[in-house]
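Protein chains: 4
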Amino acid sequence: RPALRVGMVGHAFMGAMHSHAWRTAPHFFELPLVPELAAIAGRNRAGAEMAAQRMGWASVETDWQALIDRDDIDLIDICTPGNTHAEIAIAALRAGKHVLCEKPLANSVAEAEQMTAVAEEAAAHGVFAMCGYSYRRTPALALMKRMVADGRLGTVRQVRAQYLQDWLSDANAPLTWRLDRAKSGSGALGDIGAHSIDAAQFVTGLNITGVSALLETFTKERPMGGEFVGLGGHGDVTADTPRGPVTVDDAALFTARFDGGAIGVFEATRTALGRKNAMRLEVNGSLGSVAFDFEDMNFLQFYDGTDAEDARGFHRILVTEPVHPYAGHWWPTGHGLGYEHGFTHQVADLLTALGNKTAPTPSFRDALGVQRVLAAVEDSAANNSQWTTIEESKP
Amino acid sequence: RPALRVGMVGHAFMGAMHSHAWRTAPHFFELPLVPELAAIAGRNRAGAEMAAQRMGWASVETDWQALIDRDDIDLIDICTPGNTHAEIAIAALRAGKHVLCEKPLANSVAEAEQMTAVAEEAAAHGVFAMCGYSYRRTPALALMKRMVADGRLGTVRQVRAQYLQDWLSDANAPLTWRLDRAKSGSGALGDIGAHSIDAAQFVTGLNITGVSALLETFTKERPMGGEFVGLGGHGDVTADTPRGPVTVDDAALFTARFDGGAIGVFEATRTALGRKNAMRLEVNGSLGSVAFDFEDMNFLQFYDGTDAEDARGFHRILVTEPVHPYAGHWWPTGHGLGYEHGFTHQVADLLTALGNKTAPTPSFRDALGVQRVLAAVEDSAANNSQWTTIEESKP
Amino acid sequence: RPALRVGMVGHAFMGAMHSHAWRTAPHFFELPLVPELAAIAGRNRAGAEMAAQRMGWASVETDWQALIDRDDIDLIDICTPGNTHAEIAIAALRAGKHVLCEKPLANSVAEAEQMTAVAEEAAAHGVFAMCGYSYRRTPALALMKRMVADGRLGTVRQVRAQYLQDWLSDANAPLTWRLDRAKSGSGALGDIGAHSIDAAQFVTGLNITGVSALLETFTKERPMGGEFVGLGGHGDVTADTPRGPVTVDDAALFTARFDGGAIGVFEATRTALGRKNAMRLEVNGSLGSVAFDFEDMNFLQFYDGTDAEDARGFHRILVTEPVHPYAGHWWPTGHGLGYEHGFTHQVADLLTALGNKTAPTPSFRDALGVQRVLAAVEDSAANNSQWTTIEESKP
Amino acid sequence: RPALRVGMVGHAFMGAMHSHAWRTAPHFFELPLVPELAAIAGRNRAGAEMAAQRMGWASVETDWQALIDRDDIDLIDICTPGNTHAEIAIAALRAGKHVLCEKPLANSVAEAEQMTAVAEEAAAHGVFAMCGYSYRRTPALALMKRMVADGRLGTVRQVRAQYLQDWLSDANAPLTWRLDRAKSGSGALGDIGAHSIDAAQFVTGLNITGVSALLETFTKERPMGGEFVGLGGHGDVTADTPRGPVTVDDAALFTARFDGGAIGVFEATRTALGRKNAMRLEVNGSLGSVAFDFEDMNFLQFYDGTDAEDARGFHRILVTEPVHPYAGHWWPTGHGLGYEHGFTHQVADLLTALGNKTAPTPSFRDALGVQRVLAAVEDSAANNSQWTTIEESKP
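Residue numbers (this note's numbering), protein chains in the order written: chain A, 768 to 1162; chain B, 768 to 1162; chain C, 768 to 1162; chain D, 768 to 1162.
No false leads were mixed into what you were given.
Distance condition first, Cα-Cα at most 25 Å in a straight line; then the derived DMTMM-like pairs of lysine to aspartate or glutamate: (1) K987/C to D1026/D; (2) K987/D to D937/D; (3) K912/A to E1076/C.
In silico negatives: residues of chain C with every beta carbon more than 10 Å from chain B: (4) R810; (5) G863; (6) T976; (7) T984.
Hints in this document: simulated from the structure, not taken from any laboratory.
Here the structure is a predicted model, which is why all the values come from computation and not from measurement.
Just so you know, even glycine gets a beta-carbon here, dropped at the ideal spot from N, CA and C.
Here chain A stands alone, though its shape is the one from the complex (with noise of 0.2 Å):
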């Protein structure tokens, strides 16, 4: 089987997933293409050769612009922040490499437009893009798609979303890059938010078309510094630690319509405490309804309204059978999954893609849609709440 040559620009935690996606991929899915870990890009060589060895990867670049240029490289893997998504994957796709794009796809619509553009000439040459929105790939959401799409919620009605974290509970939680808009464009929302809208939309089959929304900070400063550690850390802070502004929502909540007349309701926030990460999702539909919690990740409740009328009550199905999106690779019945396998499951599936010369999803278009919608947020939070609609993704 032909190899597929990756370089990864970043190394952090999100580049320490893809690279345990790449190695575990081959092991448990039968792929046409083989990954190569190939290159990775860090600016600092030598956290980048320590980064190398622990992932795996077999060489080098201080430069991203260095392992765009090399000849032994298919397909550079974006992972890092938002405000550098645009610049790399526009260069990567016209020097004729795949992409895949950690999301959300970038920090304005703009930039998603000109990425969009320029991914979609690109594939009419053969070169793919495909963006990062890796929950789509844990089983339990792919079958609450699948579910959906094979009618059995009927209609469509009410969509209720919540991405509930805590790690900026702490007033004294340091200011990391995510709390600094010009690099991560947004905070909660574009964030963990960006998440619940392409879910919203990816389950559903139905695109957003408007929204009425209210953004909030409740710590408006934070100490630079301290010690990092997960997404937040703990702030080894005293009295006279400087402290920078945080330029980011903490709390993102929204109100929306989708196109065929079901409405939804979100909400995105770091400041739940003791909700680690509840990435929850709730569809009802006029035959059914599906909901899921990314903390209970392994299950999916579905509520069939045709059941027996005494027997009504949601299901609590363990997606780990056979007939099960992805299941039937990894383990026996209710030996569960992890976070990473969503990972794991995106690159196989792209992978696939690739050997089959066809457009992976989430496409940078798919993406694009997501990106509307934040805007959409932001413009209406800055305008009173005023219902904001959402201008058509569709080519």
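Please arrange chains B, C and D on chain A, whose structure you already have, making use of the hints.
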């Protein structure tokens, strides 16, 4: 102990519930006044007499005015649709009768303001009025409020309130008075959203200062007639069954701000298939969080941010200990209560307040505060979800 | 409708509960007989009078024999410790009074056999006896039985029953009558294990044919006196507080075989710290499974092996629909019931049976069957856990 | 860093799992030795070669003895059925190879004793052996043990362990090696009950001293052949399909005593329809309780009897914090792990121990202790459930 002679107007679902509460409270609470189920009023004498017998009332009137005119009645208990609340309550208070009025207080802010003015005048003469937001007396919700008041959550930041039912998911559910705006005032918003608003303000001790809202009615016409069961009913519907217009919302979504800086998101719906009476309230503070779901009404979830670092997680508190609100009056630890106990606690607290010649809560002014939020939600929804501030309800 | 005049012996926890049931049943059920709370018997007149007033009884006797001697009593309701059941029940039945006797039926098989013989003789003359295994009337357990009886589980293979409480975890909980073998017969075994045995036999329709058991008492001596609260109490204990011997088990564990080939495992304990009233029962069949936990008493978990392959999972049924046992007599869908409703259903079914001149269930013979299992458990535990068969209880 | 060259015997389900662990551990843990996937042995060369390629092994042998004979192998990883463990492990240890042996250690106490003797002799020469009770390395179970060891539960009183699966509920599931006593030693008892026994002893730090047991096989004959999927498979069965005898238990139930006075109840079954991999363990102490269910493997339930009286309830701890065992090596807070992580932790701990020239745990002696309980369970079941004591396993 002296008696409190009760006259009740209306004898449907809520009338049955209140009757149970009046009958039961004195057997479990030490009360300064002993309630007497003196009389009920219902337009149809035969129906009222049957109800009186089934529910344990001593006599019957066919006109609520006649009930108010009787000298042997001390309190009027109003269990009729919202369009009649103002007239009955005002007449009763002016006649020197205490009033317990079902929620929502009225069908408009204007009515609620007038009722509040009359109630406050009556209170000056020792005649008291209370609005029946009974969920406040669910032990878990009362514990939730106590925890917030005791500072165990720190500063309140976020509220998420859902009240999810599904009895209108069926497009053939019949057109009852609850779907007729002239009688009910509004749909899910006033019927169940009002509970969420009251509970959120009660538990946090904070007032909602503004909202942005969206209302939706999925099924615009419903069959007239059919068999009524519970809140909804199964329409015995054919193609010929005449249909009438639904004039209220099926679902109401809104975001909110509270005084003091907290934000919230609310959803009230009767079309969330599979959710039967999921009145949920979660409050996140800087030190802790609490979460409640009426479908598990005997439990309170409490996240204590001061627990040992490796032991943090929501405590699933079974709220049946002597140390918990109301619980010590009932069964041993672990032997849970049901829906009706909130109503029994309500009349127990009311009888205690009246016996002590003090004002019971929630007052009509508290209920007027809820009414103002309901009105702001409707205004915002009618006005492109634009941010709508709530007029101060404090005297 | 004719009256059924009730005389109740004992007025502690169970007396308060039965009183509530007698008062409440006629308001929610159409009954052929109207219960009258005629009299209670209690040794201390002052205490009995206070109880009568609080619980709603018309008169008082200080001797249970006096109660039986009265012509104006139709039914004797026995709410005293187990050591008194046989004498009172036999006297009452011989005097032509119907009997409702709290569980366990007696403190020995010999007593239970005698009671059963007398009850069956009385039944021939239209005088009926019932034992108060009230959990049978919890809607979810009644639904569970119906599902098994309807064949929806296929062949029953496995039963797992736990009844977990924790009020004896505290080594200073006081020495009450429930810890005195002379009065209570046994400890966790007879008090709560008896419920599990009855429920398992009731739900499956199968009899236990043999057991192997282990009993344990962790705290051998407890303070005499102290404040009694709920089932246990908080001992107001110092080093000087005299202690007395605990003569019953804290925990009872046993395995079992049922006729027809099913097997089961049972645990009853009052020292499972954190479990308040976790009366759990799970039944696995060849086609489906059901599971119940009294701490979530309004829910039944049902696994339907015939569901679509990708949708299998335990249905979390909120047992509050009109189609569910008992539920239609109460509140709308989703508005849950509490512990006391099982008792209200018990007297409703009893009054219906008596009105129809038919035998209520569970009969004394059913309760004798439980008694035989309790005895076999004690025998096995005393005999190196050796397998101990249960003598046939069928007439 | 020096390499540890691994040779693995067997390449089915467990082989795939161990391969993943060997490949993955060095990317997430700082290890003193770097594992090399040197060779696997499988009787069929073509099958072994395919497996080697899929699982990432460098070479293949068709005979386990050949693997042991190779100089370039440091450790033998035994992933074959239990009847082969003793022979392979003893040969490997005598050849100076470290051994990782899947559980249960052997098919008889005699074999396990011999293996332990050989292992202890080898250890004196720096050659170490470990048994693969991987559940010990699930973060929540490891936290459970730490909490008990730290005294946070006080004195351990009760253990309840269930391991519930359902892949033998279908009477047409095929007759695999797991149902053949000659290969597997026993059924649910040794396959999954062994995990419960090891986990109970590991978590509590107490040894089981005696048991009383019952074993049952519901389906005595099963089709030979059929498609194997996961642990069980779907038999492609007709009336003509020949059936063979099932020679092991479907379900094993037993009560137990631990040294120090605690008692326990155990159930292992493969016919609990609807339960997929419910490996549950609850421990009740005098001060606290902990409960675990592998179907929710990222959570630990902890009841802290020293919490504020009104806040007591099981803490639902999401065991993904840096302060929790193993969790800090993976993803941010709230991003859960899966089944395979226990195996990755197992080899990480093993490599660390070997690098430090210390003995890894669980040792063969620990596993011999489990074996003795398994044997006692079978003895008791064969002997009328009579109490059967466990011979001391300590050296």
